[in-house]
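Chains as they are written, first to last, in the working numbering: chain R, 19 to 189; chain Y, 19 to 189; chain H, 19 to 189; chain G, 19 to 189; chain Z, 19 to 189; chain C, 19 to 189.
Hints in this document: simulated from the structure, not taken from any laboratory. For clarity, every value in this text was computed on a predicted model and none was experimentally measured. You may find that some hints are simply not true.
Claimed, not checked - Only part of the chain Z face toward chain G is listed, based on derived beta-carbon distances under 10 Å:
hint : residue
1    : 147
2    : 154
3    : 160
4    : 163
Positions of the beta carbon are idealized from the N, C-alpha and C atoms, including for glycine.
Protein chains: 6
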Amino acid sequence: MKTIAVYPGTFDPITNGHVELIRRAAAIFPSVVVLVSGGPKKSPFFSAEERVGMVREAVDLCEGSIEVKCFRGLLVDAVRECGARIIIRGLRAISDFEYESQMALMNRRLNPDAETFFMISTEDHAYLSSSFVKEIASLGGDVSTMVPPGVDRSLKTRFSTPGQEKGEGIS
Amino acid sequence: MKTIAVYPGTFDPITNGHVELIRRAAAIFPSVVVLVSGGPKKSPFFSAEERVGMVREAVDLCEGSIEVKCFRGLLVDAVRECGARIIIRGLRAISDFEYESQMALMNRRLNPDAETFFMISTEDHAYLSSSFVKEIASLGGDVSTMVPPGVDRSLKTRFSTPGQEKGEGIS
Amino acid sequence: MKTIAVYPGTFDPITNGHVELIRRAAAIFPSVVVLVSGGPKKSPFFSAEERVGMVREAVDLCEGSIEVKCFRGLLVDAVRECGARIIIRGLRAISDFEYESQMALMNRRLNPDAETFFMISTEDHAYLSSSFVKEIASLGGDVSTMVPPGVDRSLKTRFSTPGQEKGEGIS
Amino acid sequence: MKTIAVYPGTFDPITNGHVELIRRAAAIFPSVVVLVSGGPKKSPFFSAEERVGMVREAVDLCEGSIEVKCFRGLLVDAVRECGARIIIRGLRAISDFEYESQMALMNRRLNPDAETFFMISTEDHAYLSSSFVKEIASLGGDVSTMVPPGVDRSLKTRFSTPGQEKGEGIS
Amino acid sequence: MKTIAVYPGTFDPITNGHVELIRRAAAIFPSVVVLVSGGPKKSPFFSAEERVGMVREAVDLCEGSIEVKCFRGLLVDAVRECGARIIIRGLRAISDFEYESQMALMNRRLNPDAETFFMISTEDHAYLSSSFVKEIASLGGDVSTMVPPGVDRSLKTRFSTPGQEKGEGIS
Amino acid sequence: MKTIAVYPGTFDPITNGHVELIRRAAAIFPSVVVLVSGGPKKSPFFSAEERVGMVREAVDLCEGSIEVKCFRGLLVDAVRECGARIIIRGLRAISDFEYESQMALMNRRLNPDAETFFMISTEDHAYLSSSFVKEIASLGGDVSTMVPPGVDRSLKTRFSTPGQEKGEGIS
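Only chain R is shown next, with the shape it has when bound in the complex (with noise of 0.2 Å):
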């Protein structure tokens, strides 16, 4: 039986640190899953069908098995359907730590077969997160150093559509 991991997560959008993460559990476990929220409560920036399609875009060059699918509902519901039972989740910082640590033990209560398993982010990444890049992003600031092409090209797309809505700055 091969050992699937699965990565899920908003990706609103992919940055350079979620592809980093991908590559490095695909070169431990034989099959990595990418699950993109899909449900609507967040009101995300980017759709779910472009969310997915960033996604695929950025992972295609990684190398292993990865594959890329939007999930609804619980997680631990989409967890069972891939056959998975590692949840894999990126921690940059301790803030991220409070939060991922009970949503981690909610989850196993949930379901307990499956475990989450933490990995840390890389020195080079660990300032990075979606929320930065779209208030950089939507400032006219330049992220290609820290997205993906595709998803610089997105942002960019929309960021100059005119009555496209303004960031107030990195303050």
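For this one, chain R is given, so just place chains Y, H, G, Z and C on it according to the hints.
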């Protein structure tokens, strides 16, 4: 003079973590007043009346002298009106600590006669929060081990109503 | 070449904690520029003009060379326009630290010539925040020891206006 | 039945931060017992007798009913012997919180009848610790505003004795 | 190729928290190697041989393929010798996280082929640590619910020996 | 008047993380004084003379005006003697922040004319610490990318000497 301890919160909804804290406080202090914040600002999921009702039902079986009240305005004023000088708050995690300690210092400045005392959530409930509970329930997950029976029923009723906003999934 | 230190923030509104930091910075650096973030995004309570006015009035009595400006767009661009290489930020708590350190690393990547330096809030103001101040004032609490006199007046005016949204209470 | 609160610690030596906490507790609880840990393990700087003496002298002027005792062995046993069910501890910082919360859960398991309640150190004393005080005094620094007069005298006596180990300097 | 996960530690002594983590890891990974650090530096309470013996006895009843080995030198070398690429560590608290994340990044630099994965301790064992256990046992407290039976016996034997250093008490 | 910034530390030994911070500080401030703590208390691995020598060699190639001095006694006194009012410290992690903020407040009370400013370690060095470096070197691990060449040589010499205590292994 009887020592009165006040336990304030939004309780939207009350969880088993809250109930356990109330029970522990009622075992120590002769009188415990649960203060349900009734203000309009945080746009709670349940109305103040519903929340007070659920707290009342939940603590009904706890031993000790427990009262449940709604309050509006500054907490320190409500505490004074109760004739209390002890404010009890639960701490689950570091992020709680930061916010709570700032609040405690602020409240101390507003009313130097009252002191905030923190209790540590026991391990069984450290991961429980009202917002997690709502998110899981919104996705059809089972929260019956996390909240009192009355709250479980209320959540089921709410989320089975057509047109009710659905959550995104624990991810 | 004069060493210029920039102190950016939203100042919505300025508190005595901010004033104290500006005073301490102005005692060390020959020139301090307070940069008030004027962007539309965070939907501030006071307008950019009001906030700049309140900062100006508040620092008027501080010794040293202090300038107050509004900025829009990326902070690093505003810093460059000031001819400054020192960005000053205050740290009150751990949660500040996490966010601020990510921001500092991000800004460093966007402009390697500028450095962020953090000062620790003195004990008297460690618990003060603009949002606490607004919440207390919205409930009719006394904030006159927490903000400059002009801010106190503005808050009173705002919250005595009929139809103004009321806060929920510190809980 | 009188509510008794126990405040345990090493008090090596007692600082103004400890005194302030004892004063605040004595204003709330009818009876406060300060428990000075007398065990041999941590190789304290002052002997158990000296520490008890300094605590007694320091709380002499506090109002309320305050007793000072030495204890050996498990804290929960000492608490039981006092007829108390309330253990009070001060929290200054996050690192305190982690250690203290683990201790509180451990003590709860060892004696479910006692509860630990945490008070937040007020701003003036948040940075004070017995070890900082000793380090500064060892270097000839002035700690007279940080400790009670008796402790200040004892530290001066100790560090003026030839052959006494000198500290390294606050760096 | 079988996925091998390595779980390194000092295990001085092994607690029920460690056992639970090993059990969870063995349910997920085909093969788990428990690596007991045998180096001289930290002056452990139990010798390397005693610690290995206690771990072996403790995991004997766990299902799955579990091996117990002693290692000296760099962890990354021991991992390589096991033919493993997965290092598992438990996280109980923030302070764990800081130290562990620095270690993980360091080990990654020393051996980029191995990845550290973190599991969250379940609530029942979040407060457990080898040093707490030793301190309580040294004071005659009951630790039989915190450690495997063999460890409980060893601790009792050790602390009943005359001349054995006694602890100070949980305070 | 030239703005002088003081960078104090134990530097036992200096790492590439320290060097990078000195370089960044020297790019901002006209004059930087590196203060090597020479006190006896912490029983450093390298003597004060060795540490000063390693720092001097390491910063020799940095641009800007950098001086290296040894100090004994209170830091605030050494800062005053340098004619400086700016103390620079690096922050890598939360645990640094807690300790450092308490120290900064303490030093501020001892000398209100000096201010501590914190810089965030860049990502490449966030995990580096003098003690990790010593531990790895003691086990024969390669630290040549973590410390200046002179320090690498000194560590190799020290740990190849027979009878030198060996570390336990990064676990």
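Non-conforming hints, listed in increasing numerical order = none
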